[in-house]
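Asks: Sequence:
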Amino acid sequence: MAASRFSLFSNNFPEFFVIDHGGLVDIAKIETDADRADATFTWDGPNLDFGVKGRLLRAAPPLGFCLRIATFDDFRIHSKFFEGIEDPAVAAEVREDSTFVLERAEIDPNQASFRSVKFPDRFIRHRDFQLFAEPVSAPDELQSACFRIDSPLDQGQ
1 MAASRFSLFS NNFPEFFVID HGGLVDIAKI ETDADRADAT FTWDGPNLDF GVKGRLLRAA
61 PPLGFCLRIA TFDDFRIHSK FFEGIEDPAV AAEVREDSTF VLERAEIDPN QASFRSVKFP
121 DRFIRHRDFQ LFAEPVSAPD ELQSACFRID SPLDQGQ
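Here the sequence shown is numbered in the UniProt record's numbering, starting from 1 and rising by one per residue.
The set of hints was computed from the structure by calculation and includes no laboratory data. Ideal Cβ placement from N, Cα and C applies to all residues, glycine included. Misleading hints may appear alongside valid ones.
[As the list claims (entries may be wrong)] Simulated DEER-style distance windows between Cβ atoms:
(1) Pro88 with Val117: 38 to 48 Å
(2) Arg95 with His21: 37 to 47 Å
(3) Glu86 with Ser137: 39 to 49 Å
(4) Gln155 with Glu96: 29 to 39 Å
(5) Phe119 with Gly23: 17 to 27 Å
(6) Glu96 with Gly51: 10 to 20 Å
Put together the whole structure using the sequences plus the hints.
Replies: Okay, structure coming up:
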């Protein structure tokens with residue numbers, strides 16, 4: 001079954017979308033067609049229902065990249081090329097670092113949060129317009145871990 005394409009925008013900064021800026025993932029305003037492509041993803045879980053595990057993958061070229069927790073960079077979210085990793089240990093590590101559970105956002109249960117499977121106390125959230133995997137508990141942290149799933153900004157295949 002083909003994965004649905006979508007874009008994610010910040011619940012508290014609705015003009016800012018999750019975007020892969022050449023390996024580092026941020027929230028930013030969309031200014032170019034390239035930004036539209038870099039802000040379009042698929043979910044490799046069986047569906048986009050709450051409670052489902054999956055990975056956020058680039059939906060526009062270059063393909064084969066997933067959003068990954070970079071423990072070597074203070075838990076910053078990076079995009080990582082995962083297609084064709086030959087070393088099974090490295091492939092397993094990338095899969096573990098890039099698998100999330102889609103959950104109802106605590107601050108707005110109609111929206112989504114992405115909790116790490118490997119680090120279950122950490123959620124994808126934005127801080128200073130950069131994405132990190134961090135624990136969230138204060139209202140501003142919960143708000144920054146809340147994303148709206150929207151139509152894909154890039155209407156390609």
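Asks: Using the Cβ atoms, figure out if Pro88 sits within 38 to 48 Å of Val117.
Replies: Given range 38 to 48 Å: violated, Cβ gap about 19 Å.
Asks: Cβ-Cβ distance between Arg95 and His21: within 37 to 47 Å?
Replies: 23 Å, violated
Asks: Between the beta carbons of Gln155 and Glu96, is the distance compatible with 29 to 39 Å?
Replies: For Gln155 and Glu96 the Cβ distance comes to about 33 Å; the hint holds.
Asks: For the pair Phe119 and Gly23, does the Cβ-Cβ distance stay inside 17 to 27 Å?
Replies: 21 Å, holds
Asks: Is the hinted range of 10 to 20 Å satisfied by the C-beta distance from Glu96 to Gly51?
Replies: 19 Å, holds
Asks: Given the range 39 to 49 Å, decide if the beta-carbon distance of Glu86 to Ser137 lies inside it.
Replies: 40 Å, holds
Hints 1 and 2 from the list above are not met by this structure, while the remaining hints are.
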